[in-house]
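Since each chain sits alone in its own frame, please combine them into the complex, following the hints.
So the chains spell out like this:
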Amino acid sequence: MVDDVSIIGVGMHPWGKWGRNFVEYGVAAIGDAIADAGIDYRDVQFVAGANTMRNGYPGYIAGATFAQAMGWTGIPVTSAYGACASGVMAIEAARQRILAGLCDVALVVGADTTPKGFLAPTKGERQNDPDWLRFRLLGATNPTYFGLYARRRMDVYGATEEDFAAVKVKNARHGLANPYARYRKEYTVEEVMASPVVADPLRLLHICATSDGGAAMIIASNEWAAAHGHSDAVKIKGVSTVTPTFPNTVIEMPNFATDSAAGLPVPDRTFKQAIGDAAYAQAGIGPDEIDVAEVYDLSAALELDWYEDLGFCGPGEAEKLLRDGQTTFGGRTVVNPSGGLACFGEAVPAQAIAQVCELTWQLRGQAEGRQTEGARVGISANQGLFGHGSSVIVAK
Amino acid sequence: MPRNRVAAIEGWFTLDDEPRLIGTKCVDSGTYFFPPETTMSRAPGHSTSELVPVELSRTGKLWSYTNAGYKPPEPYIAVTDPYEPFLIAAVELEAEKIVVLGQCVAGVTSADVTVGDEMELVLDTLYSDEDAADGPTDHVVWKWKPIGWTGPANAASGASGTAEGGQ
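In the order they appear, the protein sequences are chains A and B.
First residue of the first sequence: 1, per our numbering; consecutive thereafter.
First residue of the second sequence: 397, per our numbering; consecutive thereafter.
One chain only, chain B, in its complex shape (with noise of 0.2 angstroms):
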C-alpha cells in the first residue's frame, strides 16, 4: 500500500523536491515573518501594509546549535526507541535577515557542525501513523541538513534517558 505523505503543519512549507518555508512580507517595510504572519504586519508602523506569501531561502548559516539530549515531553513524538538524542539547528537566512530553528536531520551531531556552516532545508518525517483511515501517513516537517553532509560520522554523542529534574 502507498504511504500518503501531508505536512505536519499545514501552510508553514513546500512539499516540492527543493523545500521551501512559506513565510509572508509586509510589502511597506520589506520586513518577513515565520511562522507565516497573515493578520496584520507585527513590524510597528505598518500596520495597514499588505502581507503577501514568500518562500524564504532554502539555504543559510548556522546561527547556533545545540541537542535534545534527553527525550523531549509531549507533544514531541519519539520517532526511535530507545530514543535517539537529534540536534536543533538555528539558521540564519541571508536576504531575510531572519534566524529559524529546526532540526537537524537524524544522524548529524554537534561533532559534524561549526556555527557559520551552510546548511540546506530538507523535509523528513517527524512521525508516522500506520493506523489512519486512509492508509500508512508520514507527517513531515522541515529539518536543517548541512550541506556536504553524507552521513554519520560518529556514533551519537549525549546521554539518553530521563531528565531528572531538569527545566
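So that you can see chain A by itself, here it is in the shape it has in the complex (with noise of 0.2 angstroms):
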C-alpha cells in the first residue's frame, strides 16, 4: 500500500462545442478548483498538465502553458501524454512529486478543443504511422474497435443491442442535472435504437462524442491539508497507469493485429482487468467496497465490459447487473453518476481528471441531482489508444 494524498479542490469547465481557446476552459476549471480549495495560486509549488494533441504547441506542453496563463509564479512543471489516460498520468506525476516531499501542494489540469467529428490521425503521408495506416489501409476508426467489442460480447455474453441502448438511457438520465455535462436529455431505448449505424451493432447514440472541456484538481500532502482545514478531505488511495502484459490478446486501438499467443502464455487476466487490480492492489481497497464508479463508456458495451474487468460482478454477468438496476441510484454500485461520456463526450486530455472530480463530489456528497446516497469509496477507469489506461480509487 501507498501513502494517501488529500483532494482539496476540484473544479470543471462545462464541456461542448464552444469552439474556444483550450486555454480558457483549463483556466477557468482551475480558478474553480483554487476557490475549492480555498487557497491562492501563488500556494501552488507544482503544475501538472496533461496535453492535447490538436491545438498546437501550447497543447503539447500543457503544463507551462497553463503556469503562464496564470502568471508565471517560477515553479517547476511536467506536461503529460497518454491518450485517454492522460489525465491520471498527470494525477500520478503530481502525486510522486507530494510522496516524494518535494512539494505540499499540486495543480493538476487538462483541457481540449475538439473538432467536429471522428478523431482522425494527423496529416501527411506517414506509412510508418499504425495509427494513420489503419485509417488508410482499413478505414478503421475508434468506433471500429468499439464495434469490435460489442460484436464479440453479444456472441460470447448473448448480449443486445437492447441491453447497449439500455446504458445510454442510464447515463442520459444520470447526467440531467449535471451542470458540467454536454448533453442533458433524457432517451428511450426506441430512440436509441432508432439512430443510425455507425459501427455495426453500434449505433450513433450508443458512441461518444468529442467535446470541448476543461477539468482541474488541487492535490496536497495529508499534513498540509489538515494544517489548512482540509483534514476530511477525500483521499487518493490508488492510482493505475498500467500497460498490457504480453501477449495481449484483445485487439487494441490502433493496431492491426493482437500479439500472438503462439509463443508465451497467456497472461491470466486482461489488460483491462489488470488497470483496476493495479489499482485495487495500492489503495488494499475490493471491488466489494466500491459505493461508485466512473468508468470510460466511448461506447455503451464498453460500460459493461468495465463492470466484469473491475470486478463489480462475474464473466458475462453485467447485462444482469444492469437489467437488475445494481449500478443506478439504489443499486449496490452505482456506475456514471455524472452521466458518463454518454453526456460529456469526451475532452480527451480532461476526461480522466473529470472523472475523479465527479467522484471527489460524490463523496463529499456534493453531487446535487446525481449523488450516490452515502458514497465512501469510489473508483475511475479508462483505456485508450496504444496500450494506455488508468484508473483511480478515491475514499472519504
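What the hints contain is simulated information worked out from the structure, not anything from laboratory work.
Glycine residues also receive a C-beta, built at the ideal position from the N, C-alpha and C atoms.
It is possible that part of the hints are untrue.
What the hints assert, rightly or not - Over 10 angstroms on every C-beta distance to chain A, these chain B residues come out as not near it, computed from the model:
1) Val402
2) Pro415
3) Arg416
4) Ile418
5) Arg438
6) Val448
7) Pro449
8) Thr462
9) Thr476
10) Val501
11) Glu514
12) Glu526
13) Asp534
14) Lys541
15) Pro542
Claimed, not checked - Selected chain B positions facing chain A (Cβ under 8 angstroms, derived; list incomplete):
16) Ala439
17) Asn463
18) Gly498
19) Ile543
20) Thr546
21) Pro548
Stated by the list, open to error - Per label pair, the in silico range of CB-to-CB distance:
22) Thr510(B) x Pro267(A): 24 to 30 angstroms
23) Ile473(B) x Pro115(A): 18 to 24 angstroms
24) Thr434(B) x Glu24(A): 42 to 48 angstroms
25) Arg42(A) x Met436(B): 18 to 24 angstroms
26) Gly441(B) x Gly330(A): 23 to 29 angstroms
Here it is, written out as C-alpha cells:
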C-alpha cells in the first residue's frame, strides 16, 4: 500500500462544443479548483498538465501553458500525454512529487478543444505510423474497435443491442442535472435503437462524441491539507497507469493485429482487468467496497465490459447487473452518476481528471441531482490508444 | 493501356493468386508478429532471438466484425461516390494464435457473417491512381472474404453520410 494524498479542490468548465481556445477552459477549471480549495494560486508548488494533440504547440506543453496563463510563479511543471489516460498520468506525476516530499501542493489540469466528427490522425503521408495506416489501409476509426468489442460481447455473452441502449438510457438519466454535462436529454431505448449505425452493432447514440472541456484538481500532502482546514478531504488511495502484458490477445487501438499467443503463455488477466487490479492492490481496497464508479463508456457496450473488468460482477454477468438496476441510484455500485461519456463526450486530456472530480463530489455529498447516497469509496477507469489505461481509487 | 498493380504497403503480403500475409517469427519463443516486426522480438525475454520472415495462414475464423457506417476520415480514400459502408473483420489464425484485422470484400454485410465463420485472405483494390506517371495504377490491400461467399445477398445495410460528432 502507498500513502494517501488529499484532494483539496476540484473544478470543471462545462463540456460542450464551444470552439474557444482550450486554455480558457483550463483556466476556468483551475479558478474553480483554487476557490474550492480556499487557497491562492501562489500556494501551488507544481503544475502537472495533460496534453492535447489538436491545438498546436501550447497543447504539447500543457504544464507550462497553464503556468503561464495563471501568471508565472517560478514553479516546476510537467506535461503528460497518454491518450485517454493523459489526465491520470498528470495526477500521478503530481502525486509522486508530493509523496517524494518535493512539494506540498500541486495543480493538475487538462483541457481540450476538439474538431467535429471522428477523431482522425495527424495529416501527412506517414507509412510508419500505425494510427495513420489503420485509417488508410482499413478505414478503421475508433468506433471500429468499439464495434468489434460489442459484437464479440453479443456473441460470447448474449448481450443485445437493447442492453447497449439501456446503458445509454441510464447514463442520459444520470446526467440530466449535471451542470457540467454537454448532453442533458433523456432517451428511450427505442430512440437509441432508431439512431443510425456507425459501427455495427453500435449506433450513433451508443457512441460518445468528442467535446471541448476542462478539469482541474488541487492535491496536497495530508499534512498540508490538515493544516489548511482539509483534514476530512477525499483521499487518493490508488493510481494505476499500467500497460498490457505480452501477449495481449485482445485487439487494441490502433493496431492491425493482436499479439500472437503461439509462443508465450497468455497472462491470467486481460489488460482491462489489470488496470483496475493495480489500483485495487495499491489501495488495499476490493471491488466489493466500491460504492460509485466513473468508467469510460466510449461506447455503451464498453461500460458493460468495465463492470466485469473492475470486478463488480463475473464474466457475462454485466447485462444482469444492469437490468437489475444495480448500477444506477439505489443499486450496489452506481456507475457513471455524472452521466459518463454518454452525457459529456470525450475531451481527451480533461476526461480522466473529470472522472476524479466527479468522484470527489460524490464522496463529499455535493453531487446535486445525481448523488450516490452514502458513497465512501469510488473508482475511475479508462482505456485509450496505444495500450494506455488508468484507474484511480478515492475514499473518504 | 495495361493497369499497374502494386501493394498499398510494401512487405505486408504476397501478390500471388493465393495471397498470404507476411509476418515475422521469433525463433526462440515461437511468437509471430504481424505487421512484420523487424527491429527486435517483442516477446519479453527473447530480445536476442532471430526474427525470420514467414507467410501466415491464408484462412482463419471470424473473431468479430463491425462495419464502417460512415465514411472514415482521411487518409482513408473512398472508392465509391456516394460512399458505401463496408465490413471490417477480425480473423483469428489458428496456428499463429493471432487476430488480424482487414476489410471484407465489397458487398459482404453483417447479415452474411457470424462469429466463428471461416474466412480467407484475398487481394482487392484499396484505391486507384489513374494519373500515375507510369500509367493507371491499382493499389491493392489484403481483405477477408467469407469462404463460400459468392456475392451480395441483400442490399448494403447501415447508414451513410457524414458523422455528426461521433468519436
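Here's how the hints hold up against the structure:
no.	hint	in the structure
1	Val402	holds, 13 angstroms
2	Pro415	holds, 14 angstroms
3	Arg416	holds, 14 angstroms
4	Ile418	holds, 12 angstroms
5	Arg438	violated, 6 angstroms
6	Val448	holds, 13 angstroms
7	Pro449	holds, 15 angstroms
8	Thr462	violated, 3 angstroms
9	Thr476	holds, 12 angstroms
10	Val501	holds, 13 angstroms
11	Glu514	holds, 16 angstroms
12	Glu526	holds, 19 angstroms
13	Asp534	holds, 14 angstroms
14	Lys541	holds, 15 angstroms
15	Pro542	holds, 15 angstroms
16	Ala439	holds, 6 angstroms
17	Asn463	holds, 4 angstroms
18	Gly498	holds, 7 angstroms
19	Ile543	violated, 19 angstroms
20	Thr546	violated, 22 angstroms
21	Pro548	violated, 16 angstroms
22	Thr510(B) x Pro267(A): 24 to 30 angstroms	holds, 29 angstroms
23	Ile473(B) x Pro115(A): 18 to 24 angstroms	holds, 20 angstroms
24	Thr434(B) x Glu24(A): 42 to 48 angstroms	holds, 46 angstroms
25	Arg42(A) x Met436(B): 18 to 24 angstroms	violated, 49 angstroms
26	Gly441(B) x Gly330(A): 23 to 29 angstroms	violated, 50 angstroms
Comparing the model with each numbered hint stated earlier shows that hints 5, 8, 19, 20, 21, 25, 26 do not hold.
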